[in-house]
Each structure stands twice: as structure tokens, then as C-alpha cells.
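S.K.: In this text, residue positions in the sequence shown follow UniProt numbering: the first is 1, and each later residue adds one.
Worth flagging that the hints you see were computed from the coordinates, not collected in a lab. Note that beta-carbon positions come from the ideal geometry of N, C-alpha and C, so glycine has one too. It cannot be assumed that every hint is accurate.
As the list claims (entries may be wrong) - In silico lysine-lysine, DSSO-like type, Cα no more than 27 angstroms apart, as pairs: (1) 81 to 101; (2) 81 to 60; (3) 108 to 60; (4) 101 to 60.
As the list claims (entries may be wrong) - Derived Cβ-Cβ restraints for the label pairs, each shown as a range: (5) 83 to 2: 36 to 46 angstroms; (6) 90 to 2: 14 to 24 angstroms; (7) 7 to 104: 18 to 28 angstroms; (8) 86 to 43: 18 to 28 angstroms; (9) 126 to 11: 15 to 25 angstroms; (10) 15 to 127: 29 to 39 angstroms; (11) 45 to 2: 36 to 46 angstroms; (12) 115 to 71: 25 to 35 angstroms.
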Amino acid sequence: MPFEPINPPQFPTPIAPYSAGAKAGNTVYVSGVLALGEGGSVLHVGDAAAQTRHVLDVIKTTLEAAGATMADVAMNHIFLKDLADYAAFNQVYAEYFPGAKPARYCIKCDLVKPDCLVEIASVAHIG
Numbered sequence: 001m002p003f004e005p006i007n008p009p010q011f012p013t014p015i016a017p018y019s020a021g022a023k024a025g026n027t028v029y030v031s032g033v034l035a036l037g038e039g040g041s042v043l044h045v046g047d048a049a050a051q052t053r054h055v056l057d058v059i060k061t062t063l064e065a066a067g068a069t070m071a072d073v074a075m076n077h078i079f080l081k082d083l084a085d086y087a088a089f090n091q092v093y094a095e096y097f098p099g100a101k102p103a104r105y106c107i108k109c110d111l112v113k114p115d116c117l118v119e120i121a122s123v124a125h126i127g
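Can you build the whole structure from these sequences, using the hints too?
M.R.: Right, dumping it as C-alpha cells:
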């Protein structure tokens, strides 16, 4: 089955060769999102809650460009640089998923840029 790349025009140019998302049938895959601005600059340095909010807003915009919503998210792949940020992350995360909660996992790891604290990749099913 062919897929449709999803690249909302308001996003900065990606720092690597990938699409923000891909839609295959009724499934939308959102690439791992970091709190990055134009030129790959890290936003909200040192603030895991603000980075989480930025990341989830980017995911929301990508999903909407594909015809989906946050309520369609079935799985989140979460990467945190420091588990000390887990509570701050979860507080913001809960705002974006107030109803039924998607499946998820959370891994502590280094991220592509040292000042990045949070990365999330999502899978959504429309309808």
C-alpha cells in the first residue's frame, strides 16, 4: 500500500531526510518530534514541560494535516533524556490525552541534540 508523506508547510525544514508524518490507509505515523525551531535550534532549553508541550503541539498539527486528531492516537513512543523529568512530562501529556489514554512506552536515552529533553513518535488510526 502506498503512503502519503505529511509535511505541514509551517514546520521548519527537517534536520534529516524524513517526513513529519506518513499516512497509509487510515493509519498515520508521526516521526519522532523534538522541540526544534528553524535551523535545528533547540527550543525551551532546560524546560521539559515546555518541550513536551511543543512536541505534542507539533504532533497535533501533523495529525490534523493528515485528517486525524489527538483522540485518534493509539500508541506513543516516548524518549526522555532524564527520568527526573518524568513527572513534568506526564503533567503536560495528560492535558493532551484527557479521555481514553493511548498505549505507550517510555525510554530514558540520549537524544539527537544534547539540549533536547523529550522526543515522541505517534501512531494514530482514523475512524
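S.K.: Does each hint fit the structure? Answer for all of them.
M.R.: Taking the hints in turn, this is what the structure says about them:
1. Straight-line distance between C-alpha atoms of residue 81 and residue 101 comes to about 23 angstroms, which keeps the hinted pair within the 27 angstroms bound.
2. Distance hint between residue 81 and residue 60 is fulfilled; the C-alpha atoms sit about 22 angstroms from each other, no more than 27 angstroms.
3. Simply put, residue 108 and residue 60 have alpha-carbon atoms about 23 angstroms apart, close enough for the 27 angstroms limit, and the pair holds.
4. A hinted pair counts as satisfied when its Cα atoms are at most 27 angstroms apart, and residue 101 with residue 60 qualifies at roughly 15 angstroms.
5. For residue 83 and residue 2, the hinted distance range of 36 to 46 angstroms is satisfied, since their beta carbons lie about 39 angstroms from each other.
6. For residue 90 and residue 2, the Cβ-Cβ distance of about 37 angstroms falls outside the hinted range of 14 to 24 angstroms, so the restraint is violated.
7. Remark: the range hint 18 to 28 angstroms for residue 7 to residue 104 is upheld by a beta-carbon distance near 25 angstroms.
8. Our hint of 18 to 28 angstroms for residue 86 and residue 43 holds, since their Cβ atoms are close to 20 angstroms apart.
9. In this structure the supplied range 15 to 25 angstroms holds for residue 126 paired with residue 11, their Cβ-Cβ distance being about 21 angstroms.
10. Checked against the hint of 29 to 39 angstroms, the C-beta distance between residue 15 and residue 127 comes to roughly 33 angstroms, which is consistent with it.
11. The hinted range of 36 to 46 angstroms is satisfied by residue 45 and residue 2, whose Cβ atoms lie roughly 39 angstroms apart.
12. The hinted window of 25 to 35 angstroms between residue 115 and residue 71 holds, with their beta carbons roughly 31 angstroms apart.
The earlier numbered hint that this structure contradicts is number 6, and it is the only one.
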